[in-house]
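2 protein chains.
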Amino acid sequence: MKSDHEHQHHHEHKHRKSIVNRLARIEGHVRAVKQMALDDRDCPDILLQIAAIRKALDNTAKLVLTDHLESCLVDAVHEGNEEKVLQDIKNSLDSFIR
Amino acid sequence: MKSDHEHQHHHEHKHRKSIVNRLARIEGHVRAVKQMALDDRDCPDILLQIAAIRKALDNTAKLVLTDHLESCLVDAVHEGNEEKVLQDIKNSLDSFIR
Numbered sequence: 157m158k159s160d161h162e163h164q165h166h167h168e169h170k171h172r173k174s175i176v177n178r179l180a181r182i183e184g185h186v187r188a189v190k191q192m193a194l195d196d197r198d199c200p201d202i203l204l205q206i207a208a209i210r211k212a213l214d215n216t217a218k219l220v221l222t223d224h225l226e227s228c229l230v231d232a233v234h235e236g237n238e239e240k241v242l243q244d245i246k247n248s249l250d251s252f253i254r
Numbered sequence: 157m158k159s160d161h162e163h164q165h166h167h168e169h170k171h172r173k174s175i176v177n178r179l180a181r182i183e184g185h186v187r188a189v190k191q192m193a194l195d196d197r198d199c200p201d202i203l204l205q206i207a208a209i210r211k212a213l214d215n216t217a218k219l220v221l222t223d224h225l226e227s228c229l230v231d232a233v234h235e236g237n238e239e240k241v242l243q244d245i246k247n248s249l250d251s252f253i254r
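Protein chains in written order, with this note's numbering: chain H, 157 to 254; chain U, 157 to 254.
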């Protein structure tokens, strides 16, 4: 599962299982809304469901970021090697908050 | 496809086909990101993909809203019956813009 250039530190992603489960639920939710659109359901009903999916997606992103802060960043700081990790986090936040 | 209590007006949802296609693509994208999480891929890569999905979702919502404005609202105004439709739109926007 780990890449070849792994160092001696081990990036433990505590929340990965929960992240996978959340993405699986979101996938099912998107499929259900696609079916609503196929069934010509009302626009406001579809919009509410899309808003719910977006919220679930944001909560999942928050969990990925938590994993990243708790594992990767802490490890990087221990190794005095945090610049790249901090830049990655900055880039990730840029894509969410415009 | 239409409900039984359809009136003489016909709600033509011009963008429904495109909405279904976009949701199908988003569904596949979520499934791919779920696989990335299972494969223990880097957090910043996953965050960037989630941000891309959110953007695609917002664009889809915009299209649903366009459909709603162009068909349902215009029809309702023609019938002097726009209060409920306007309230629905307000509720939908509330769920997106907080």
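Among the clues, some could well be false.
Which copy is meant is left open, because identical chains are indistinguishable; a pair holds if it fits in one copy or across any two.
What the hints assert, rightly or not - Here are the computed lysine to aspartate or glutamate pairs in the EDC-like style, where the Cα-Cα straight-line distance is at most 20 Å:
(1) LYS240 to ASP201
(2) LYS246 to ASP198
(3) LYS211 to ASP231
(4) LYS211 to ASP250
(5) LYS170 to GLU239
(6) LYS240 to GLU183
(7) LYS218 to ASP201
(8) LYS211 to GLU183
(9) LYS173 to GLU238
(10) LYS218 to ASP198
(11) LYS173 to ASP201
(12) LYS170 to ASP214
(13) LYS211 to GLU238
(14) LYS170 to GLU226
(15) LYS170 to ASP195
(16) LYS211 to GLU226
(17) LYS170 to ASP201
(18) LYS170 to ASP196
(19) LYS173 to ASP244
(20) LYS211 to ASP196
Hints listed in this document are in silico derivations from the structure and should not be mistaken for laboratory results.
Results of checking the hints against the structure:
1. Taking the closest pair of Cα atoms, LYS240 and ASP201 come within 20 Å of each other only across two copies (14 Å); inside a single copy the shortest separation is 43 Å, beyond that limit.
2. In the homo-oligomer, the alpha carbons of LYS246 and ASP198 lie at most 20 Å apart only across protomers (15 Å), although the nearest pairing inside one protomer, at 39 Å, exceeds that limit.
3. Proximity of LYS211 to ASP231 under the C-alpha cut-off of 20 Å is found in neither arrangement, the shortest distances being 30 Å within a copy and 31 Å between copies.
4. For a Cα distance limit of 20 Å, the shortest separation of LYS211 from ASP250 qualifies both inside one copy, at 18 Å, and across copies, at 13 Å.
5. With identical chains, the CA atoms of LYS170 and GLU239 are never at most 20 Å apart, being 23 Å at best within one copy and 49 Å at best between copies.
6. In this assembly of identical chains, the alpha carbons of LYS240 and GLU183 never lie at most 20 Å apart, being 31 Å within a copy and 32 Å across copies at closest.
7. For the homomeric pair LYS218 and ASP201, the shortest alpha-carbon distance between copies (14 Å) is at most 20 Å, but the shortest distance inside one copy (26 Å) is not.
8. With identical chains, the CA atoms of LYS211 and GLU183 are at most 20 Å apart both within one copy (13 Å) and between copies (16 Å).
9. For a Cα distance limit of 20 Å, the shortest separation of LYS173 from GLU238 qualifies neither inside one copy, at 26 Å, nor across copies, at 47 Å.
10. Taking identical chains as interchangeable, the C-alpha atoms of LYS218 and ASP198 lie at most 20 Å apart only when they sit on different chains, with a minimum of 15 Å there against 31 Å within one chain.
11. In this assembly of identical chains, LYS173 and ASP201 lie within 20 Å of each other by CA distance solely across copies; the values are 17 Å between and 31 Å within a copy.
12. In this assembly of identical chains, the alpha carbons of LYS170 and ASP214 lie at most 20 Å apart only when taken from the same copy (18 Å versus 30 Å across copies).
13. Taking the shortest alpha-carbon separations for LYS211 and GLU238, neither the intra-copy value of 30 Å nor the inter-copy value of 29 Å comes in at or below 20 Å.
14. Taking CA atoms no more than 20 Å apart as the test, LYS170 paired with GLU226 passes inside one copy only; the shortest distance there is 9 Å, against 47 Å between copies.
15. Taking the closest pair of Cα atoms, LYS170 and ASP195 come within 20 Å of each other only across two copies (14 Å); inside a single copy the shortest separation is 40 Å, beyond that limit.
16. Taking the closest pair of Cα atoms, LYS211 and GLU226 never come within 20 Å of each other, the shortest separation being 23 Å inside a single copy and 27 Å across copies.
17. For the identical chains of this complex, LYS170 and ASP201 are inter-copy neighbours only, at 17 Å across copies versus 35 Å inside a copy, given an alpha-carbon limit of 20 Å.
18. When the C-alpha separation of LYS170 and ASP196 is checked against a cutoff of 20 Å, the pair qualifies only between copies, where the shortest distance is 11 Å, while the shortest distance within a copy is 41 Å.
19. For the identical chains of this complex, LYS173 and ASP244 are neighbours neither inside a copy (22 Å) nor across copies (37 Å), given an alpha-carbon limit of 20 Å.
20. In this assembly of identical chains, LYS211 and ASP196 lie within 20 Å of each other by CA distance neither inside one copy nor across copies; the values are 24 Å within and 23 Å between.
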